[in-house]
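Q: Sequence:
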Amino acid sequence: MNPIWIVDAFAHAPYTGNPAAVMVVAEFPEQMQRIAAEMNLSETVFVKKINENHFHIRWFTPLVEVKLCGHATMAAAHILFQEKLVTKNEITFDSLSGPLTVTQKESTIILNFPLQQIGQTLAKATFDTLLDLPSQIHEVVQAYDDVIVALHDEQTLRNLQPHFDKVKQIEARGLIVTAPSKQYDFVSRFFAPRVGVNEDPVTGSAHCKLADYWAKRLGKNTFHAYQASHRGGELRIQVENNRVFLQGQAITIMQGQWLV
Numbered sequence: 000m001n002p003i004w005i006v007d008a009f010a011h012a013p014y015t016g017n018p019a020a021v022m023v024v025a026e027f028p029e030q031m032q033r034i035a036a037e038m039n040l041s042e043t044v045f046v047k048k049i050n051e052n053h054f055h056i057r058w059f060t061p062l063v064e065v066k067l068c069g070h071a072t073m074a075a076a077h078i079l080f081q082e083k084l085v086t087k088n089e090i091t092f093d094s095l096s097g098p099l100t101v102t103q104k105e106s107t108i109i110l111n112f113p114l115q116q117i118g119q120t121l122a123k124a125t126f127d128t129l130l131d132l133p134s135q136i137h138e139v140v141q142a143y144d145d146v147i148v149a150l151h152d153e154q155t156l157r158n159l160q161p162h163f164d165k166v167k168q169i170e171a172r173g174l175i176v177t178a179p180s181k182q183y184d185f186v187s188r189f190f191a192p193r194v195g196v197n198e199d200p201v202t203g204s205a206h207c208k209l210a211d212y213w214a215k216r217l218g219k220n221t222f223h224a225y226q227a228s229h230r231g232g233e234l235r236i237q238v239e240n241n242r243v244f245l246q247g248q249a250i251t252i253m254q255g256q257w258l259v
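One point on numbering: in numbering that gives the first Met the number 0, the residue at position 100 of the sequence shown is 99, and numbering is uninterrupted.
Simulated from the structure, these hints should not be mistaken for lab results. Keep in mind the model is a prediction, meaning the values are calculated, not measured. Be a bit skeptical, because a hint or two may be false.
[As the list claims (entries may be wrong)] Quick list of in silico lysine to any residue cross-link-like pairs, SDA-like style, CA-CA up to 25 angstroms:
{"no.": "1", "residue 1": "Lys-167", "residue 2": "Gln-103"}
{"no.": "2", "residue 1": "Lys-47", "residue 2": "Glu-29"}
{"no.": "3", "residue 1": "Lys-87", "residue 2": "Asn-50"}
{"no.": "4", "residue 1": "Lys-66", "residue 2": "Lys-181"}
{"no.": "5", "residue 1": "Lys-83", "residue 2": "Val-238"}
{"no.": "6", "residue 1": "Lys-47", "residue 2": "Thr-251"}
{"no.": "7", "residue 1": "Lys-123", "residue 2": "Ala-227"}
{"no.": "8", "residue 1": "Lys-66", "residue 2": "Gly-97"}
{"no.": "9", "residue 1": "Lys-66", "residue 2": "Ile-109"}
{"no.": "10", "residue 1": "Lys-66", "residue 2": "Gln-103"}
{"no.": "11", "residue 1": "Lys-66", "residue 2": "Gln-237"}
{"no.": "12", "residue 1": "Lys-66", "residue 2": "Asn-52"}
{"no.": "13", "residue 1": "Lys-165", "residue 2": "Asn-197"}
{"no.": "14", "residue 1": "Lys-123", "residue 2": "Asp-164"}
{"no.": "15", "residue 1": "Lys-66", "residue 2": "Asn-197"}
{"no.": "16", "residue 1": "Lys-123", "residue 2": "Gln-141"}
{"no.": "17", "residue 1": "Lys-83", "residue 2": "Leu-62"}
{"no.": "18", "residue 1": "Lys-66", "residue 2": "Glu-105"}
{"no.": "19", "residue 1": "Lys-48", "residue 2": "Gly-255"}
{"no.": "20", "residue 1": "Lys-167", "residue 2": "Asp-144"}
{"no.": "21", "residue 1": "Lys-167", "residue 2": "Ser-96"}
{"no.": "22", "residue 1": "Lys-181", "residue 2": "Tyr-225"}
Can you make the complete structure from the sequences, with help from the hints?
A: Right under this line is the structure:
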């Protein structure tokens, strides 16, 4: 048996933000992908202790292992702090994306992630057709392993109902759709059907690209952002020295035992 928790990350209340399943293990089990499929959340995260305050972390969608996941990292850190499995308010995770540092300041968890810079501009016409949004796209850019589609206005983003079979055709991990906002610095949504997540509620890793995009577009390095999924989630973001600091809160909503 192994304890397992479900945590809402980037959440302001229960049932908001993005849920992740968390398992703290002595050794990584062979069936991690099957466990993630059984949980059927956007991410299941496994952490293994290396030494005091230092852990190895791996993330799985229901279909594949991924190189970086923000909300599941926040969820894992939240459990380590909650269960007093660390002795300081700072944790280092070894990951496929390199070392990641997470700190706790009162009820806020701060992720220190790599800034992932945007690349070349892509043809808007392709995405006009793909998303059925003629004249609504401001620009399209390559963003590391994702594609960012920037729209002219927030309401178009909120109303968007993409055809996921079409989104799967994009040669990328996922599609980040973003727009300026009156209430926030920017809003976004994230679609990743190629990795088994049609729409992710709140996506920390996507904001590693969005931070670079909006820093260049707005000429600033601190942001208040909102991911406009059906659950919704707020993020406070700071860009500094090619790093992105993502701030949010996490709430444990379930604890149980994995029996097999």
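Q: All hints are to be evaluated individually against the structure, with a verdict given for each.
A: Outcome of the hint check:
no.: 1; hint: Lys-167 - Gln-103; result: 37 angstroms, violated
no.: 2; hint: Lys-47 - Glu-29; result: 14 angstroms, holds
no.: 3; hint: Lys-87 - Asn-50; result: 13 angstroms, holds
no.: 4; hint: Lys-66 - Lys-181; result: 33 angstroms, violated
no.: 5; hint: Lys-83 - Val-238; result: 30 angstroms, violated
no.: 6; hint: Lys-47 - Thr-251; result: 20 angstroms, holds
no.: 7; hint: Lys-123 - Ala-227; result: 22 angstroms, holds
no.: 8; hint: Lys-66 - Gly-97; result: 9 angstroms, holds
no.: 9; hint: Lys-66 - Ile-109; result: 19 angstroms, holds
no.: 10; hint: Lys-66 - Gln-103; result: 23 angstroms, holds
no.: 11; hint: Lys-66 - Gln-237; result: 22 angstroms, holds
no.: 12; hint: Lys-66 - Asn-52; result: 21 angstroms, holds
no.: 13; hint: Lys-165 - Asn-197; result: 11 angstroms, holds
no.: 14; hint: Lys-123 - Asp-164; result: 19 angstroms, holds
no.: 15; hint: Lys-66 - Asn-197; result: 18 angstroms, holds
no.: 16; hint: Lys-123 - Gln-141; result: 12 angstroms, holds
no.: 17; hint: Lys-83 - Leu-62; result: 31 angstroms, violated
no.: 18; hint: Lys-66 - Glu-105; result: 28 angstroms, violated
no.: 19; hint: Lys-48 - Gly-255; result: 20 angstroms, holds
no.: 20; hint: Lys-167 - Asp-144; result: 14 angstroms, holds
no.: 21; hint: Lys-167 - Ser-96; result: 24 angstroms, holds
no.: 22; hint: Lys-181 - Tyr-225; result: 11 angstroms, holds
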